[in-house]
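2 protein chains.
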Amino acid sequence: MSELDNLTSPSIFIGRQGENGIISFGSGQPDLPAPREATEGINLLRHDLRYGLIQGEPDLRMALSKEYPKSTAENFVITNGASEGLDLIFRAIGKGKVLLPRPYYYSYPPIIKLAGMEPVYTELNQGRIDLDDFNRKIDDCVAVLINSPSNPTGRIESIETLKEIEDITRRKGIYVISDEVYKDLIYERENYHIQGDQVITVNSFSKTYAMCGVRVGYLWSSDQSLVNKAIEIKTHTSMNTSLIAQDMALRAMKAPHEYILAQQNIWRERRDLIYKGLCDLGLDLWKPEGAFYVLPKVDKPRELLWTLYKKYNVITYLGEWFGAPDRIRLSYALDKKKIEEGLNRIELALKSL
Amino acid sequence: MSELDNLTSPSIFIGRQGENGIISFGSGQPDLPAPREATEGINLLRHDLRYGLIQGEPDLRMALSKEYPKSTAENFVITNGASEGLDLIFRAIGKGKVLLPRPYYYSYPPIIKLAGMEPVYTELNQGRIDLDDFNRKIDDCVAVLINSPSNPTGRIESIETLKEIEDITRRKGIYVISDEVYKDLIYERENYHIQGDQVITVNSFSKTYAMCGVRVGYLWSSDQSLVNKAIEIKTHTSMNTSLIAQDMALRAMKAPHEYILAQQNIWRERRDLIYKGLCDLGLDLWKPEGAFYVLPKVDKPRELLWTLYKKYNVITYLGEWFGAPDRIRLSYALDKKKIEEGLNRIELALKSL
Chain A
1 MSELDNLTSP SIFIGRQGEN GIISFGSGQP DLPAPREATE GINLLRHDLR YGLIQGEPDL
61 RMALSKEYPK STAENFVITN GASEGLDLIF RAIGKGKVLL PRPYYYSYPP IIKLAGMEPV
121 YTELNQGRID LDDFNRKIDD CVAVLINSPS NPTGRIESIE TLKEIEDITR RKGIYVISDE
181 VYKDLIYERE NYHIQGDQVI TVNSFSKTYA MCGVRVGYLW SSDQSLVNKA IEIKTHTSMN
241 TSLIAQDMAL RAMKAPHEYI LAQQNIWRER RDLIYKGLCD LGLDLWKPEG AFYVLPKVDK
301 PRELLWTLYK KYNVITYLGE WFGAPDRIRL SYALDKKKIE EGLNRIELAL KSL
Chain B
1 MSELDNLTSP SIFIGRQGEN GIISFGSGQP DLPAPREATE GINLLRHDLR YGLIQGEPDL
61 RMALSKEYPK STAENFVITN GASEGLDLIF RAIGKGKVLL PRPYYYSYPP IIKLAGMEPV
121 YTELNQGRID LDDFNRKIDD CVAVLINSPS NPTGRIESIE TLKEIEDITR RKGIYVISDE
181 VYKDLIYERE NYHIQGDQVI TVNSFSKTYA MCGVRVGYLW SSDQSLVNKA IEIKTHTSMN
241 TSLIAQDMAL RAMKAPHEYI LAQQNIWRER RDLIYKGLCD LGLDLWKPEG AFYVLPKVDK
301 PRELLWTLYK KYNVITYLGE WFGAPDRIRL SYALDKKKIE EGLNRIELAL KSL
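Here the protein sequences line up with chains A and B, keeping their order. If you read the first sequence in this note's numbering, its first letter stands for residue 1, the second for the next number, and so on. If you read the second sequence in this note's numbering, its first letter stands for residue 1, the second for the next number, and so on.
Wrong hints could be hidden among the right ones.
To be verified - Here are some of the chain B residues that sit facing chain A, going by a computed Cβ distance under 10 Å:
1) D31
2) L53
3) T79
4) P110
5) T235
6) M239
Bear in mind the hints are in silico, worked out from the structure with no lab data behind them. These figures come from a predicted structure and were not determined experimentally. Ideal placement from N, C-alpha and C gives every residue a C-beta, glycine not left out.
With the hints as constraints, model all of the structure from the sequences given.
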């Protein structure tokens, strides 16, 4: 079963929704349309195509600054998605250990290592940060990377936990990198912006506005010297983020708040459906409070994944790619009919093993 | 004169063409329009905005493969400009020394260092590679970075030199990274694609099609394991290059060859004008054979630059940013009237010092 043994990443599964009746619980992107505002009214023929500021277009940064208390446009860098935001920040910090909650988004360890830093893991408890374990491990570290709502757990951290992390890191002078790309996809409460001079927020237009392939994200920090360092690195490694993409991001922000609320309702219904469905199949899983992932515990994850794929035309991701070897990850970024059909097939696969 | 002392990069000069009568010889981008083909016919409202392949859109890579002998779409990675192509390649190689001709494009040393590598310099002779010095220094290196036509010298390497570099590096098993972003801007001959399994070409749509701010470039190599490593890094650090930008690049390739020829004629006329003008002022400089830069030797470059800027409203760049401390760099990416007016002001400034 060498094909299975070699499965160290989801690469063979990407972009295969609907192909030959495949139901994919793999893809980590919204299937819903972007708001009309994102694309309407852009005249490409007349668009300025010359270099823009490396930091990002001033009008977009100005619009973002209104969402961050006591901020100015200077505190932002517009990036090629949140991925580049993370890459720039870790390269700007440049050395030392980074505390990383496990399970984690699969790009985190490589991004940290590529920047010459070293991940140190704190184990999540019920999908949430365990402050005891966190406190035991943080003293060695120069930075913490948190992700609430989390990919792959679907969990959010309580405001108390976030405030305690603010406190600890402020006292100890440790950076907090807060990846909030699912900030508008919380079912339980409003997003809480973690505060402080030691905080760097990384964010994206991809999930909120269903425009993953356009690649616009940003980083925010009130530590201007760190922001400047990120800009300096970006000057050499990619220059300005594509101007058309930035234009679309600015326009997307003009979508009415109902656009976001309507999406949240759809995600909540899907969450309820898949959570109940998997519980009914007897699986052990955490109830998602944000994002669009579930991470059930299963016996023989590799065998299940392969059976689902080969016999039942269902794509899932191995938990091991996210630091959770006894689990599989399912994204519920697909419509309810497909979720129901997928659940039926999962039931058959589980019975067959 | 602390403002002058602190001038370690062109940041204060960027994007200031025409502002309050400023004539900028600073900007390294075409002032000419992109071809209509680049933007015509794109329907943003109906565009797929979901993640694309990290490697880049297949139709764009397929179109590029026709320009590279014995290539397939698999040999390419579409990147956020040539900058990201260089960054990915050096990160993929990851350690060792890189031989770098000096003067160099100012991002080269930081890109090499950010990847954990070390630049070793070979001094250009008359703006061209000196094979004796090159051969003396290459044995220590794992890679060579060449740039013909060159920013900032405007020179091209002879085909004999390029073939000799092919030979040496093939025999010694040393990578050649060939930055050919000015490949369509050669006044003297056709571009020569350096060949071999040890070669990585980095290229861009920015200069050929006057779309710098759109940020589309690519890397090419027949070393598939190196290409795959670059894709793996990009998976974590930025994901796919913006889909709209890739769409524009593919369409730009459909512009008739006359578009490129017409531009070359304009650049040649400007080259002749500025070269003669600066020679007539008694300056010592190399005649550009490609790209759109001249790099004259001047007395007291910092004082001249500052006088030009403060008293004569003319922007130039310090040669020291490019490893040429006794020179200044002028881009002639501006229309002939402005070049003439700029030359008049330079004459006044030189006389005043």
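Going down the list of hints, with the structure as the test:
no., hint, result
1, D31, "holds (8 Å)"
2, L53, "holds (7 Å)"
3, T79, "holds (8 Å)"
4, P110, "holds (5 Å)"
5, T235, "holds (7 Å)"
6, M239, "holds (5 Å)"
When the structure is compared with the earlier hints, no violation turns up for any of them.
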